[in-house]
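Trainee: Build out the structure end to end from the sequences listed, making use of the hints.
Residue numbers (this note's numbering), protein chains in the order written: chain A, 1 to 367; chain B, 368 to 471; chain C, 472 to 638.
By construction, these hints were calculated from the structure, which means they are not laboratory data. What you were told as hints is all true, and nothing was included just to trick you.
Mimicking DSS-like on lysine-lysine, the simulated pairs with C-alpha atoms at most 30 Å apart in a straight line are:
#1 Lys358/A <-> Lys476/C
#2 Lys56/A <-> Lys611/C
#3 Lys103/A <-> Lys379/B
#4 Lys394/B <-> Lys155/A
#5 Lys379/B <-> Lys73/A
#6 Lys124/A <-> Lys214/A
#7 Lys382/B <-> Lys73/A
#8 Lys155/A <-> Lys124/A
#9 Lys611/C <-> Lys382/B
#10 Lys155/A <-> Lys611/C
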Amino acid sequence: MKSLRKTELAVIGGGPAGLSSAITAMRQGAEVTLIDRDPVLGGQLIKQTHMFFGSKDQFASIRGIDIPSELIKALEEGPGKVKVELGTTVIGYYDDGVILMEKDNRATTLLPQRIIVATGAAEKMLPFPGNDLPGVYGAGAVQTLMNVYGIKPGKRVLMVGAGNIGLIVSYQLLQAGVEVVAIIEAAPHIGGYLVHASKVRRAGVPIYTSCSIKEAFGRESVEGAVICRLDENWQPLPGTEKTLELDVICLAVGLSPLTELLWQAGCKHKYVPELGGYVPVRNEKMQTSIPYIYVAGDAAGVEEASSAMIEGKLAGLFAAASLGYDHDLESLAATYRKELEELRSGEAGSKIRQGLAKLIGGVSVAS
Amino acid sequence: MRIEEHPIISFKRGKIVSFFFNGQEYKGYEGETIAAALHAAGVKVLSRSHKLKRPRGFFCAIGNCSSCLMKVNGVYNVRTCVTPLQEGDVVEMQEGRGEILAQN
Amino acid sequence: MLLAKTGVPAASDLAKVIPSEERLKKGAVAIIECFQSIPCNPCQFACPRGAIKEFADINDIPKIDFDLCDGCGTCISKCPGLAIFVVDATYGAEEALVKIPYEFLPLPAKGDRVAGLNREGKEVCEAEVVRVQSAKGLDKTPIIWLSVPKDYMMEVRHIRLKGGAVS
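Mentor: Right, here's the structure in full:
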């Protein structure tokens with residue numbers, strides 16, 4: 001029998017959080033294995049054609065699609081080496097700390113001393129009649145089609161959700177030459193950055209707040225949708241229905257953390273709607289209730305990619321420190337925490353602050 | 368349905384390959400996923416729900432949702448949204464849940 | 472209607488960022504239509520003259536020193552929100568110059584007559600393209616220079632090419 005493969009630190013997920021974790025832990029001296037199910041690193045960054053917000057440290061003013069190459073460069077620069085396993089899905093966690101991976105229909109195992117889970121988030125679904133028709137897509141799928149494969153999702157789109165994803169994907173649809181009929185938002189206010197909203201408005205796309213989708217219709221695929229206004233209690237207002245002819249309904253109604261592995265490992269979770277639903281309980285070191293498992297990025301609570309990168313740095317830093325690589329720990333941790341605090345300190349960060357207060361405020365975890 | 372020119376992205380497309388869907392020949396680019404190639408060719412229905420036989424299409428594009436499970440080269444339940452297209456692929460809509468085939 | 476409901480800044484929002492008549496008479500000047508406190512600061516490092524005031528906090532709303540700004544437009548393509556425009560009220564007797572970011576294809580060409588769209592995407596006037604900046608340094612955010620009737624210099628913020636598709 002072959003001996004069990006080992007690594008000091010396994011980082012699961014090669015998006016902004018996972019890449020940042022791996023780079024930071026490697027720089028501290030840890031031996032790192034970075035695993036991603038996709039054939040390329042970068043996670044959802046590879047679909048983000050817009051310039052990032054934040055500050056220089058989080059690549060502000062650089063387009064999302066150009067960020068992976070910067071991070072990969074840092075990963076390859078060393079001084080240490082990170083073993084990258086692509087096309088590899090982590091599908092199981094065993095009580096003895098072994099993780100089970102699948103690649104090309106073959107299973108392999110790995111025994112890490114520490115794990116950072118940076119698996120990101122999945123899109124939420126919205127219940128309405130006809131939501132299973134072909135032509136109803138998650139916003140991420142529309143981005144994949146357009147921005148990875150250069151394929152238009154259809155001709156006329158209804159965007160459901162005016163958070164940053166709904167607004168940004170609407171703009172990207174216009175850039176791809178697709179008509180956006182309207183953006184509808186159930187809340188009374190636009191949830192995303194208003195500069196994104198202004199960009200699509202001046203290009204002629206209406207945004208309707210307090211408005212929701214009642215049904216999608218079509219025989220073999222979407223042929224139209226009925227939308228309606230909502231009252232103050234988010235209930236449909238009778239008589240306000242409007243029928244739109246279109247072939248694409250794009251759902252951008254939020255994300256929820258992808259934490260199956262953490263559930264399987266037995267990490268404590270808590271329901272915090274501000275962070276996207278059930279999130280793993282963790283401390284300020286990004287350490288979960290199982291001391292050798294850390295978490296970062298959207299898996300730790302849905303937020304912007306800029307924050308995910310800093311959370312990744314923190315998780316990488318503390319996971320490495322727990323392995324004995326604690327060079328400059330205090331000053332680096334202070335720097336990263338300050339950056340995170342700044343990103344979350346404004347009006348746009350209030351929801352995150354409330355969520356984190358609920359998550360880290362009450363529950364004690366092992367440290 | 369292909370985007371020919373884009374203000375931000377220059378698409379690097381692989382070579383054109385032929386594949387079959389329900390017996391009919393289609394063209395796609397090597398390296399893109401099977402579901403993407405079918406979408407570009409205007410194929411919207413990829414599967415049917417088991418009981419009510421309602422149409423199912425491209426939904427998540429990251430291998431999570433099961434909406435695009437198809438029979439590819441004789442193998443059932445292939446997640447076509449994350450499976451790269453290869454020359455000569457035989458893609459079929461599958462009936463029901465499919466079966467587990469004996470390996471070798 | 473509120474900006475947060477419509478995505479369109481109200482007159483009261485714009486009043487806070489539009490330079491005085493006096494300043495407009497002196498020539499080109501940048502206008503930052505960014506009204507929400509978000510964590511974003513590239514603009515403060517974009518200005519070669521230091522006209523965009525230093526932020527105390529990354530969530531600050533940018534402020535321009537209109538006396539230092541000469542309307543060069545370097546900041547336009549650096550703003551991730553594409554919220555910066557340049558207006559030159561002294562451009563002509565009847566026309567003003569408006570510089571806008573434009574990330575769509577096809578790009579208009581110098582001399583083209585295009586529809587000038589307001590912040591709601593409605594056509595308000597005809598505009599003439601007088602220059603198209605699309606150097607590599609702009610990182611795929613070309614800047615279109617438009618000659619518009621003076622009455623519309625504070626209205627026109629986007630264009631539609633004649634005979635072309637939306638935006």
